[in-house]
Amino acid sequence: MRWISESLFRLRATLLPGRMEREMEEEMAFHLEMEAQKLAQRGLTPDQAVKQARRNFGEPLRHKEKAREAWGITMIMNLRNDVRLTLRSLRRNPVFAVVSVLTLGLGIGANTAIFSVVNGVLLRSLPFPHADRIISLCEARPDEAGTCVTASPPNVADWAERSRAFEALGIFRWWPFSLSTPEGARGVNATIATPQLMDVLGFRPAMGRLLLPEDQEEGRRQVAVLTWDFWQSRFGGDPDILGSTVELDGMPFEVIGVLQEGDDPPAVAQARTHLWAPLHIDPRDEQHRNWRGFLALGRLAPGVSLEAARQEMEGIRVELAREYPEANAEWGLRLTTLQDLVVGDVRTTLLAFLGAVGLVLLITCANIANLILARMSGRETELGIRAALGADSRRLAGHLLTEGMVLALLGSAAGLLLARLLTPLFISLAPAGIPRLSEVGMDSTVLAFTLGLAVLATLVFGLAPLARASLLQPMQALRRERLGRPRGRLGGLNGALVVSEVALALALLVGAGLLARSFTSFLRWDPGFERENLLVFQAFLPMDKYQDSEARLRLMNTLQEEVQALPGVHSVGRASAGPLFGGWEPDQIHPGDGPGQPGSGPSVRWYDISPGYFEALGVPILAGRDFSPDDGPGAPLVAMVNQSLADLLWPGENPVGKSVWLETNQVSRMVVGVVKDIPPFNPDAPVEPEIFWPQAQYTRPVSFFVVRTSGDPALLARPIADRLLQVEPDLQAGSPVTYDELVRRRLVGPRFNMLLTGVFSLVAFLLAAVGIYGVVSRSVAARTREIGIRVALGAPRARVIQEVVGSSVILAGAGVAIGIGLSLLLSRFIESMLHGVAPTDPVTYGGVALALFVVALLASLIPATAASRVDPLESLKGE
Amino acid sequence: MGKDKTDMIRGTLDMLILKVLSLEPMHGWGVCERIQQISREDLQVNQGSLYASLHKLTREGWIRSYWQVTENNRRARYYALTRAGERQLGMERAHWERLAAAVDRILAAT
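Sequences listed follow chains A and B, in order. Position 537 (the first sequence) corresponds to 812 in this note's numbering; numbering is contiguous. Position 86 (the second sequence) corresponds to 609 in this note's numbering; numbering is contiguous.
Incorrect hints may appear among the rest.
Said to hold, decoys possible - With the C-beta cut set under 10 Å, the calculated list includes, among others, these residues of chain A facing chain B:
id, residue
1, E310
2, A328
3, R343
What the hints assert, rightly or not - Reference listing, derived: stretches of chain B covered by chain A, where coverage requires no fewer than 3 residues with Cβ under 8 Å from a Cβ of chain A:
id, segment
4, 538 to 552
5, 559 to 573
6, 595 to 602
None of these hints come from the bench; they were simulated from the model. Glycine included, C-beta positions come from ideal geometry on N, C-alpha and C.
Start from the sequences and build out the full structure, keeping to the hints where you can.
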């Protein structure tokens, strides 16, 4: 209990020092009075008595000091005094105060803003119960890199049965449905999942129930679970929704439940889900063993590590590969935390930004340390006198640290304010595809981070002058001042500041330069066709209206003809996907017209297209012919290949007339034409082998349309959209976008990266320039007298300039050398963000090094020239 | 001032204050007077430094202070022994007796 009463005492002393002081005064006055009274009773005159009482009591100041020490708050009181002193000296020197608080605020604000994004996206756990135990399981070929989201239902069912590491394992995938509404068909995004998946994610129904295993049985009534948002927006939160029927793709689904608000599938894909439906296949059905169209998630049993799960699952994978060699032999298994899967590629980008602002902050600190040192050289006398008068050296150090702390805290407060403004700005400018951005905000972790920065800054600010002050002998400080001995040569601490500022700024500029060059390499992309006068849109047929492929093909052809007939349209073609639009589908290909060794052929991307597609796009046919309307469902199966596939399968031969076998599609096709390769958008990526076949021989309810216009394509977007709906009101068509717009969308991410690092490095560049200028001009100012004497003795001015500039050029050179080393180390981390430029790109390094060198030269030339113009007489009188 | 007055042994002042306060609560001057009275003026209390001791003992929680009006109608800060102070006095007293006995034995040695 003692510590409680003691703490209370100290607290009272800290909070009410004035009152403690008054009480002590009164107590001692009372003592003196009583003593004097006593002495007077013994016969002294009142006057004598008072004097004697004072003598008996002793020196009151000393006793009071001792009593205050007994309060146990000496440190706190010293701190109060130091803070008061600091604030007073900052008020007397407002320029210094404002400049350092603002620059620090800028540095800390930028860091806090970026960190709050990093915290929200990378660090905070996902919004699921037991999120840290949710693992993504993915089947991948051992040589495949990148994010991987593939698993087959029978394999997952076997994993769930054989594994002990997971308490629940489920699969899901995205599925677009067309929902019938009174206003016509509307596209909705569904998540098709096994009931176990909802268990893995820890979902609870707000109403009704979740999916159950029996919902999966074939032949049962189809059911759907709505998300809270969809229930609200589409059904107005109708409380009687349970048991009602919604029509999806023309089939009835019974609504059995509504999920709680915020129960969303993990943000692996960008589409928001509107409703959940059970996966309607028997997972034990062997024909699905090779159907890897699903994402598998499992929740680890409590206490099981990811490593243990990996080991167990590897054993199960080997068993399954032995039992089903055809489907599984080629496939490995990868386990990653869901967090890693969701965050994926963004991690590098965000960490690179954080590193960049961190460098900016370091330069900021170096600059402020610089300012403090400049102030210090004016205060050496003051500190020397205080030391000479017997000030405790620990007290002096404490005072300097307090100064640093006050500055750092003011700077952090400014930084927090700034971060509140910057974070929303960052979010509004950030490219799409950064997951969880809506979860970004200030929380205790962010505040702790900012506080950490403040402590770091305090140490830098406090210790920099301390490094000087501790070298300081009081006598020397006083004597030096009087004799005006030259000091402030560009060595030691000042030199270290210049070198580190140059090095840090160089590292940042190299990063920004590499990203800028990467960006321009995208700008130079030449797909080999005219990018102007091109429109692209996607159309999705109402499947319930067009159930057989003949009807679907007819509608697709009608749509194409109608668009073709519009004035201003030059040509139209269709494709399942193409450069910068749609995805791609892989298959394995063998030359010849029969199956080859399973899993042995090269991988190929396939697309279904219409006749005239390549003409509309502007890609020349190098050999053979384009598809024609005669290549219909009953005609011989044909295909076109790109140059890369032709070279891969039949080097030096004419591919026209040759046959290929497609492993997954289980079909043989004859090559009738060869088209020119389209260089990929990413300059580092190789041209993939591609094969195309007629949509007439492979009809799907969805296709992209490519429209070549004779005038401004944007003017045709509206007429095209109107005409499509006239032909088929239930058609879901995306609004036509120009090809330039598609390219621009691709550039949003790289441009954002470039601009952000560009701004950071510009700030760093300016700070470094100001820093170098400050250090050099200060050292020159300290040498004014020396320079004056030398000029008076006849030293040529050019030589004086040369000497001053020379010493800073040496420092800048050292900074550049260190900076290049630093950049070589750091640029590897942003390699995945660089395209078309190597992380060691000599042009970038050379250019940046030269720029910094020139800046260092200019920054020292100005004060050097000024110094050489000094009137020798003035400079000698000066001190 | 008498050279026959004994200087206070370092650390004993705290114990004497506790002892004096165990008799009755008192203000600072009173403590000073009482120590000199009881010791028949043999012990000279450094009046000024008494207050550092009083404040330290208060912080430790061995004594507590309160303001009260004296018989002469003056406001004064009184100090009183707490439970913890009683225990502390007992400990210090035992320690002192052992020390004194040891010193006596050495001086009595022949």
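Cross-check of the supplied hints:
1. E310: 6 Å, holds
2. A328: At about 9 Å, which falls below the 10 Å cut-off, the nearest Cβ of chain B leaves the hint on A328 (chain A) intact, so it holds.
3. R343: 8 Å, holds
4. 538 to 552: holds (count 3)
5. 559 to 573: Three-residue rule met by the segment 559 to 573 of chain B, so holds; n is 4.
6. 595 to 602: holds (count 4)
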